[in-house]
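Asks: Here is what each chain is made of, one letter per residue.
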Amino acid sequence: AQSVTQLDSQVPVFEEAPVELRCNYSSSVSVYLFWYVQYPNQGLQLLLKYLSGSTLVKGINGFEAEFNKSQTSFHLRKPSVHISDTAEYFCAVSDVDSSASKIIFGSGTRLSIRP
Amino acid sequence: DARVTQTPRHKVTEMGQEVTMRCQPILGHNTVFWYRQTMMQGLELLAYFRNRAPLDDSGMPKDRFSAEMPDATLATLKIQPSEPRDSAVYFCASGLSRYYNEQFFGPGTRLTVL
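These protein sequence lines are chains A and B, in that order.
Using the working numbering, read the first sequence as starting at 1 and increasing by one per residue.
Using the working numbering, read the second sequence as starting at 1 and increasing by one per residue.
Source of the hints: derived by calculation from the structure; they are not laboratory data.
Just to be clear, a hint being listed does not mean it is correct.
Taking lysine to any residue and the SDA-like style, the derived pairs with C-alpha atoms no more than 25 Å apart in a straight line are [said to hold, decoys possible]: (1) B/Lys11 <-> B/Tyr100; (2) A/Lys69 <-> A/Ile104; (3) B/Lys78 <-> B/Tyr100; (4) A/Lys49 <-> B/Glu83; (5) A/Lys78 <-> A/Asp97; (6) A/Lys69 <-> B/Tyr100; (7) B/Lys78 <-> A/Asn61; (8) A/Lys58 <-> B/Asp1; (9) A/Lys102 <-> B/Arg50; (10) B/Lys78 <-> B/Asp57; (11) A/Lys102 <-> B/Glu18; (12) B/Lys11 <-> B/Gly28; (13) A/Lys49 <-> B/Pro70; (14) A/Lys102 <-> B/Leu114; (15) B/Lys78 <-> B/Ile26; (16) A/Lys102 <-> B/Pro81; (17) A/Lys102 <-> B/Met15; (18) A/Lys69 <-> A/Ser28; (19) A/Lys102 <-> B/Lys78.
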């Protein structure tokens, strides 16, 4: 069975500082990996995804993530955050061969930006 | 700009009443997912469909929850009777099976059961 662990439930950072949100997954098969963002009072929207190929994936709003198969990690990074990045971030994994298209979500990391 | 739509956006009801939430998936998508989000439990998968057929509803309390897809453009989630512990935000998401399993989320229905 697949699982996703987001080690930090909350991450406070100062504006314009770099940030890394950690994600580890567990799976016995090939996976797709996703980061979703949820702004206050909104649904989740896709930030970026890893499907195959280059392990460094770039997403919207200046975010990027690196797939590390040996460490089963998919950490999200941004070199300089803005107030508008305040949101909850969800890491997620999906089995490549799943006919059900199900995604397993992590518990989320709340990113708060201090001015 | 194709989006998943959900109605109502907010619902306040009294314990024991029936609640129906509706979702219109993105046209052409063949998978639909229902999630519930609370502060305590986070994001929980309740049920999902592919080509209108239910694949798994093991996340739902069977005695009071039901999910259906009357047609390809409408998914419904019903709670009867509702209880205060059902208060949550309910999200619908749709996707295209075999297309990298990406899901597109609606804005959610915020349910409050008094």
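Asks: Could you run down the list of hints and mark each one as holding or not?
Replies: Checked hints:
Distance check on the hinted pair: B/Lys11 and B/Tyr100 sit about 33 Å apart at the alpha-carbon level, beyond 25 Å; violated. At roughly 18 Å between alpha-carbon atoms, A/Lys69 and A/Ile104 fall within 25 Å of each other, so this suggested pair holds. Distance restraint check for B/Lys78 and B/Tyr100: the Cα-Cα separation of roughly 29 Å exceeds the 25 Å cut-off, and the hinted pair is therefore not satisfied. Of the pairs offered as hints, the one joining A/Lys49 and B/Glu83 is violated, with about 37 Å between alpha carbons and a cut-off of 25 Å exceeded.
Among the hinted pairs, A/Lys78 with A/Asp97 is inconsistent with the structure: their alpha-carbon atoms are about 31 Å apart, more than 25 Å. Using a Cα cut-off of 25 Å, the hinted pair A/Lys69 and B/Tyr100 holds, with the two alpha carbons roughly 18 Å apart. Proposed proximity of B/Lys78 and A/Asn61 is contradicted: the alpha carbons are some 37 Å apart, above 25 Å. Among the hinted pairs, A/Lys58 with B/Asp1 is consistent with the structure: their alpha-carbon atoms are about 22 Å apart, no more than 25 Å.
Between A/Lys102 and B/Arg50 the CA atoms are separated by roughly 11 Å; this keeps the pair inside 25 Å, and the hint holds. A C-alpha spacing of about 13 Å is found between B/Lys78 and B/Asp57, which places the hinted pair at or below 25 Å, so the restraint holds. Between the alpha carbons of A/Lys102 and B/Glu18 the distance comes to roughly 28 Å, so the proposed pair goes past 25 Å and is violated. Taking the CA atoms of B/Lys11 and B/Gly28, the gap is near 28 Å; set against the 25 Å cutoff, the hint is violated.
A C-alpha spacing of about 32 Å is found between A/Lys49 and B/Pro70, which places the hinted pair above 25 Å, so the restraint is violated. At roughly 33 Å between alpha-carbon atoms, A/Lys102 and B/Leu114 are farther apart than 25 Å, so this suggested pair is violated. Simply put, B/Lys78 and B/Ile26 have alpha-carbon atoms about 21 Å apart, close enough for the 25 Å limit, and the pair holds. For a cut-off of 25 Å, the pair hint linking A/Lys102 to B/Pro81 is broken: about 28 Å separates their Cα positions.
With a CA separation close to 32 Å, the supplied pair A/Lys102 and B/Met15 exceeds the 25 Å bound. Taking the CA atoms of A/Lys69 and A/Ser28, the gap is near 12 Å; set against the 25 Å cutoff, the hint holds. A hinted pair counts as satisfied when its Cα atoms are at most 25 Å apart, and A/Lys102 with B/Lys78 qualifies at roughly 22 Å.
Checked against the numbered hints listed earlier, the structure breaks hints 1, 3, 4, 5, 7, 11, 12, 13, 14, 16 and 17; every other hint is satisfied.
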